[in-house]
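Residues per chain are reported as follows:
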Amino acid sequence: MECYSRTSVSGKLAAVIKANEFSHPPKIPQSFLRWYCKPDLLEDIEGDIEEDYNKRIQNKGIRSAKFYYWLDVIRFFRPFAVRNFFKTQTNNTMFRVNTKIAFRNIGKDKLYSFINITGLAIGIAACLIIFHYVRFQKSFDKFHTNAESIYRVNTAYYENGELSEIGMYCGHALGSSLGRDFPEIKSFTRVHPFYKGALMTIKNESEQPFQSFEDNVLVVENNFLDVFSFKLIIGDRSQALKGPDNILLTTSSAIKYFGTADASILGKVINLNGGWANRDFKVSGILEDTPENSHLDFDFLLPIEPLIKEKYTRESAGWGWTNFFVYVLLNENSSVSEFQAKIENMMHEYRANDYGDHQQAKLQLQPIADIHLHSNISDGDGEFGKTGNVNSIYFLSLIAVLILVIAWINFINLSTAKANERGIEVGIKKAIGAQRVQLIFQFLTESFWVNTLALLLAIALTNLLVPVMGRLVGINLSADLFAYDTLIILGTLWSVGPILAGAYPALIMSSFSPSKVLKGSKYSGKTKGALFLRKGLVVFQFAISTFLIAGTYAVYKQLNYMRNSDLGMASEQVLTIAGPRVSISLKAFEAFKNEVNNISGVTHFASSSTLPGKGFSFGTSARPLGSLENTGKRVDISWVDSGFTETYDIEILAGRDFSEAIRGTENGILVNESLIETFNLGSIQEAIGKRIISNEDTLSIRGVMKNHNWQTLHSSYNSTILLYAYARSENFSVRFDMADIPTTISKIQDIYTTSFPGNLFSYRFLDDIFNEQYEEDRQFGQIFNAFAAFAIVAACLGLFGLASFTISQRAKEVGIRKVLGASSKSITMLFSRNYILLILVSNIIAVPLTYFGVSLWLDNYAFTINIGPELFLLPILLLLFIAGTTISYQTIKASRSNPVDNLRYE
Amino acid sequence: MKGTHLGEFQEVALLTILVLGDDAYGVSIKKEINKNIKRSISRGALHTALTRLEEKGFLKSRQGEANEERGGRPKRYYEVTNKGKEALHEAREMRDNLWDRIPSIRLELQYA
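Sequences listed follow chains A and B, in order. Each residue of the first sequence is one higher than the one before, starting from 2 at the first, in the numbering used here. Each residue of the second sequence is one higher than the one before, starting from 857 at the first, in the numbering used here.
Quick caveat, the hints were computed from the structure, so don't treat them as lab data. Bear in mind that the values here come from a model prediction, so they are computed numbers and not experimental data. Note that beta-carbon positions come from the ideal geometry of N, C-alpha and C, so glycine has one too. Just so you know, not all the hints are guaranteed correct.
[What the hints assert, rightly or not] DSS-like cross-link-like pairs, simulated, lysine-lysine; straight-line CA separation at most 27 Å:
(1) Lys197(A) with Lys312(A)
(2) Lys558(A) with Lys517(A)
(3) Lys431(A) with Lys419(A)
(4) Lys634(A) with Lys691(A)
(5) Lys615(A) with Lys707(A)
(6) Lys615(A) with Lys634(A)
(7) Lys61(A) with Lys887(B)
(8) Lys67(A) with Lys912(B)
(9) Lys939(B) with Lys916(B)
(10) Lys197(A) with Lys748(A)
(11) Lys39(A) with Lys916(B)
(12) Lys56(A) with Lys891(B)
(13) Lys257(A) with Lys269(A)
(14) Lys419(A) with Lys813(A)
(15) Lys56(A) with Lys941(B)
(16) Lys387(A) with Lys558(A)
(17) Lys232(A) with Lys61(A)
(18) Lys243(A) with Lys312(A)
(19) Lys197(A) with Lys615(A)
(20) Lys61(A) with Lys891(B)
(21) Lys283(A) with Lys257(A)
(22) Lys894(B) with Lys67(A)
(23) Lys894(B) with Lys61(A)
(24) Lys887(B) with Lys39(A)
(25) Lys912(B) with Lys257(A)
(26) Lys243(A) with Lys197(A)
(27) Lys343(A) with Lys187(A)
(28) Lys343(A) with Lys363(A)
(29) Lys594(A) with Lys748(A)
(30) Lys941(B) with Lys912(B)
(31) Lys430(A) with Lys520(A)
(32) Lys56(A) with Lys887(B)
(33) Lys109(A) with Lys430(A)
(34) Lys887(B) with Lys67(A)
(35) Lys269(A) with Lys232(A)
(36) Lys28(A) with Lys887(B)
[What the hints assert, rightly or not] Cβ-to-Cβ under 7 Å is the rule here; a few derived chain B residues that face chain A:
(37) Gly882
(38) Val883
(39) Arg895
(40) Ser898
Based on the provided sequences and hints, a complete structural model is requested.
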C-alpha cells in the first residue's frame with residue numbers, strides 16, 4: 002500500500018547513507034533495459050553500465066551517476082540491441098502488413114486521425130484521472146500493516162429504541178476494560194486530541210525563544226506506533242513514547258522548530274503550554290509527516306500516561322471524561338461480528354446509572370479503513386479530520402465510465418463515417434481473394450493501433466493532469482502508472498478497447514460487396530439497423546452531455562445560493578478572533594473588551610463558547626418541564642455573553658436578550674423558533690417563561706430568537722439554546738461599520754497582544770468561516786465542471802465526424818437542389834434540422850435523468866434551490882449552440898459548394 | 857567483398873582489442889577508444905560494431921568472472937580471431953598500397 006507522503010526530507014537522508022557502499026542503480030531505467038534488451042546481450046550490458054555507474058558515484062556523486070545511468074540505458078535503445086517483440090511461434094506477417102497499412106491510413110487523413118485519436122485519448126485520460134482520485138480516496142488508512150485488524154470503538158446511542166447518534170468519544174477506562182476482559186484483543190491504543198491546541202516554545206541559549214501555536218497535537222498510548230504504522234525516521238520505535246516527558250515531532254514540525262530533522266535534535270526541550278499541561282518535553286524521535294491518506298493527522302505526539310495518571314485522578318474520571326478514541330487491534334483468528342456482539346452492551350455493565358430506562362448505548366466496531374469514506378459519526382463536530390463522500394466517489398466513477406463510452410462511440414461513428422473511402426480498397430482485396438475474416442483482422446489491427454496511440458497520449462495527459470486535479474481538491478496527487486491496479490486498467494483498456502470500439506466498423510466495412518463498391522455505388526449506411534445505431538449513439542452522447550451540463554449548472558446555482566442567502570444574522574463585517582489560550586484572566590479580558598469597544602468604528606463586541614459556522618458547544622437531550630422523562634429530544638447548546646445577539650444582529654421575536662443579565666444568578670435561556678415548535682410550546686409569546694429540563698437543570702425561556710443558520714445550509718434549523726455567560730475566553734466577535742478595516746484590525750491586534758501576552762492573534766471574517774465549509778461542495782462542482790467539459794468536447798468531436806459523413810453522402814442531392822434553385826440558407830437549415838432533432842430527442846431522455854440526479858444531490862442540503870425549468874433550458878440552449886457551431890462548418894461548406902463539382906461525374 | 861569488409865570504426869575496435877590484450881571487455885574498450893581517438897563514442901555504437909564483428913567471425917568472446925562492482929554480473933571478454941587478424945592485415949595492405957602509389961608531391965598541403 003502506498004503512502005502519499007508530504008515531504009522528501011527522509012529521501013535525502015537515505016541517499017547520503019547509501020552512497021558509501023556499492024549502490025543499487027535506479028530501478029526504472031534498469032527494468033526498462035531488461036525489458037527491451039536482447040537476452041544474450043543483457044548481462045554484459047547491464048554489467049558494463051553498472052560498472053560505469055559505480056565509478057561515477059565515486060567521481061561525480063550519486064546524482065550525476067543516476068542521470069548518466071538513465072542516459073546510458075536510453076542511448077542503448079537501438080535496433081540491434083532490441084529483442085524481437087513480435088517473434089512468436091505463429092506467423093505474424095499479416096499483422097505486420099496490417100500495421101503498415103494502419104499507419105499509412107492514420108497518416109493519410111491527418112485531421113480525421115487527430116480527431117479520432119484525441120477523442121479517444123480524452124476519454125481514456127478522464128477515466129484514468131478519475132481513477133487516481135478514487136484510488137486516493139479509497140486508500141485511506143490502508144497503509145497500516147495491520148489495517149485490516151484495527152477497529153475504532155464507536156458508541157451508538159438509542160432513545161426509545163431509536164438510533165439518536167453515533168459518537169467516537171469515550172472514557173479512557175473503556176480501553177483498559179476491553180483490553181483486560183477480552184482475549185480477542187491483541188492490543189488497544191487510546192488517543193486523546195489535545196483540545197484547543199497548545200503554545201510550543203523552544204528555548205535557545207543564545208537567540209530569542211521560538212514560539213508557535215499548534216493545533217494538531219495528539220496524546221497517545223505508548224504502543225501507538227506498534228498498532229499504527231506511521232514511520233519513525235529517527236528514534237527508537239519501541240521506546241519513543243515510553244517516557245512521560247517524551248515528545249515526537251513530524252519532519253516538518255522538526256524543521257519548523259529546529260531547522261533540521263536529524264538526530265541532533267533528540268533530547269532537546271520543548272515547552273508545551275495549553276489545556277491541562279504546562280511542562281517541558283524532550284524530543285525522543287522524528288516521524289515522517291502523516292500521509293495524506295490517514296484519518297489521524299498530527300504534528301506532535303505526546304504520551305498519554307501522565308495525562309491519565311496526573312490529571313484524571315478522580316474515581317469517576319475513567320468513564321466520565323469522554324475525551325478519548327479507543328482503537329483495538331484484534332487477533333487474526335477472532336470473528337469481528339461475534340466479538341462485537343460480546344461487547345455491545347458493555348457500557349450498561351459498567352455504567353448502568355448513566356442511562357435511563359429508555360436509553361441505550363451500544364458499542365460498535367468500525368474498521369479504520371472505513372472511517373474516511375463511511376464515517377457515521379453524528380455527534381458534536383462529527384468525524385475527527387476530513388471525511389470523503391462515498392457517493393461522490395461512485396458518482397465520479399460513473400462519469401468516468403460515461404466519458405469513456407462517449408469516446409468509444411465517437412470512434413465507432415467516425416470509423417463508419419470513413420467507411421466509404423475504404424470501399425474500393427475492400428472491393429479490390431475481396432476481388433483478388435481476401436476472405437472476410439482477414440479484412441476484419443485488418444480493421445481490428447487499425448483499431449488496435451489507433452487505440453494504442455490514444456492510450457499513449459492519454460497516459461501523457463494523465464501524467465500532466467492528475468497533479469492539476471490534486472490541486473483542485475487540495476491534495477498532493479501524482480500519477481502512478483506502474484501501480485498494479487493502474488496497470489490492470491491500462492491493460493484492459495488496451496486489449497478490450499480496440500475490440501469494443503473496432504468490432505462494429507470492422508464488420509460493416511468487411512461486408513461490402515466487391516461488385517457494388519467497385520461499380521462506384523457508395524456505402525450509404527442507410528440500412529435501418531446502421532442508421533438507428535448511429536443516431537442512437539449520438540442521442541446517447543448528447544443525453545449524457547445535457548445531464549453533465551445541467552448538473553454543473555445546478556451545483557453552481559446551489560453554491561451561489563448558499564453563499565448569498567440570508568443567514569438570519571449579520572455575516573458581513575463581523576470579525577471573529579480566537580480567544581487567548583494561555584494565561585487567561587478575567588481582568589485582562591475586561592480591559593481588552595473596553596479598549597476594543599473604544600476603537601472608533603467598532604460597534605459591537607461579544608464573547609462566546611463557539612461561533613456560528615463552527616458548530617455548537619454540545620448537543621444533549623432536553624424536554625419541557627412536566628413532560629415524561631422519555632420524551633427528550635435533541636437540542637444544541639452554546640454559551641454567549643450579553644453582547645452576542647446584538648453583535649450578530651439576531652432578531653429577538655419575544656422576551657428579551659441577555660443585555661441585562663445579572664452575573665451569577667439564574668438568567669434563563671434564549672431559544673429559537675424551531676425549539677418552540679419541536680416542544681410544542683404554543684405561540685412565541687406563550688413560550689416565554691416556560692421551563693425546559695436538560696441534564697437535570699431547569700432552564701426558563703427568557704427570549705425567543707428568530708430562526709437563523711447557526712450552521713451551514715447543509716443542515717436545517719436545529720433546536721437551539723443559548724446559555725448566558727458573563728465572559729467566554731474561546732471566541733471574540735467584533736462588528737464594525739464601514740470604517741477602515743485594516744487599521745481597525747491592526748488596532749485590535751495591538752490591544753490583543755498587550756492584553757494577552759504569549760498568545761497569537763488570529764482572526765477570520767464570519768463569511769469566510771461559512772465559505773470555507775462550502776469548499777468541499779465547490780471542489781465537487783469544479784470536478785464536475787471539468788469532466789462535463791471533457792464529455793462535451795468528446796461528444797462534439799463525434800458530432801463533427803457524423804455530420805461530415807452524412808453530408809458527404811448527400812453531396813449529389815445538394816448539387817441537384819442547388820441547380821433547382823435552393824438557397825444556401827435552406828440547405829444549411831436542411832442539414833441542421835436533423836441534428837437539432839437528435840439533440841432534442843436526447844434532451845427528452847436527459848431531463849428526467851437530470852431531475853432525478855439533481856434532487857438526489859440536493860438531498861445533502863437542508864436549504865436548496867428550486868429545480869425549475871431554467872435549470873434545463875439553459876443547458877439545452879447551450880448544447881444546441883455548441884452543436885450548431887460544430888456542424889455549421891460542415892453544413893455551410895455543403896451549402897456553398899459548387900454543384901458542378903458534385904455532379905460532373907454523372 | 858561484402859561480409860569481410862572492415863569499416864573504419866570496426867577497424868579501430870579490432871585494433872583496440874588487440875592493444876588491450878587480455879583485458880578487453882565493454883567498459884575498457886570504450887575507455888581506450890575514447891582516450892586514443894579523442895572522440896566520444898556511445899556504448900550503443902560500440903556494441904553495434906562488436907556484434908557485427910562477431911557475426912563476421914572476426915571476434916570471439918568468452919564470459920569472465922563476476923564482479924561486485926558490476927552488481928555480480930560477469931564481464932564479456934573479446935578476442936580477435938585469426939580471421940580478424942587477416943582482415944586487419946588485408947586492410948592495412950590495401951591502404952599501404954594506395955599510399956605507396958601516391959607521388960609524395962601531391963601529398964603536400966597546399967593553399968587551395
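Worksheet item: Does the structure keep lysine 430(A) and lysine 520(A) at a Cα separation of 27 Å or less?
Response: Status holds; Cα separation ~14 Å.
Worksheet item: Does lysine 748(A) lie within 27 Å of lysine 594(A) when you go C-alpha to C-alpha?
Response: holds, 13 Å
Discussion item. Check whether the Cα positions of lysine 387(A) and lysine 558(A) lie no farther apart than 27 Å.
Written reply: holds, 25 Å
Worksheet item: Does the interface hint hold: is glycine 882(B) within less than 7 Å of chain A, judged Cβ to Cβ?
Response: holds, 4 Å
Worksheet item: Given the hinted pair lysine 343(A) and lysine 187(A), is their alpha-carbon gap at most 27 Å?
Response: Given that 27 Å is the threshold and the Cα spacing comes to 16 Å, the pair holds.
Discussion item. Just to be careful, I want the Cα atoms of lysine 197(A) and lysine 312(A) compared with a cutoff of 27 Å; is the pair within it?
Written reply: holds, 17 Å
Discussion item. Tell me if the straight-line CA distance from lysine 28(A) to lysine 887(B) falls inside 27 Å.
Written reply: holds, 25 Å
Worksheet item: Given the hinted pair lysine 634(A) and lysine 691(A), is their alpha-carbon gap at most 27 Å?
Response: Distance of about 16 Å is within 27 Å: holds.
Discussion item. Just to be careful, I want the Cα atoms of lysine 419(A) and lysine 813(A) compared with a cutoff of 27 Å; is the pair within it?
Written reply: The hint holds at about 18 Å.
Fill in: 27 Å limit on alpha-carbon distance, applied to hinted pair lysine 243(A) and lysine 197(A)
Holds. Lysine 243(A) to lysine 197(A) sits at ~25 Å (cutoff 27 Å).
Item to complete: Verify the proposed pairing of lysine 243(A) with lysine 312(A), using a straight-line Cα cut of 27 Å.
Response: Satisfied, since the Cα-Cα distance of roughly 18 Å is no more than 27 Å.
Fill in: Restraint check for lysine 283(A) with lysine 257(A), where alpha carbons must lie at most 27 Å apart
holds, 16 Å
Checked against the numbered hints given earlier, the structure breaks hints 2, 8, 15, 17, 25, 39 and satisfies all the rest.
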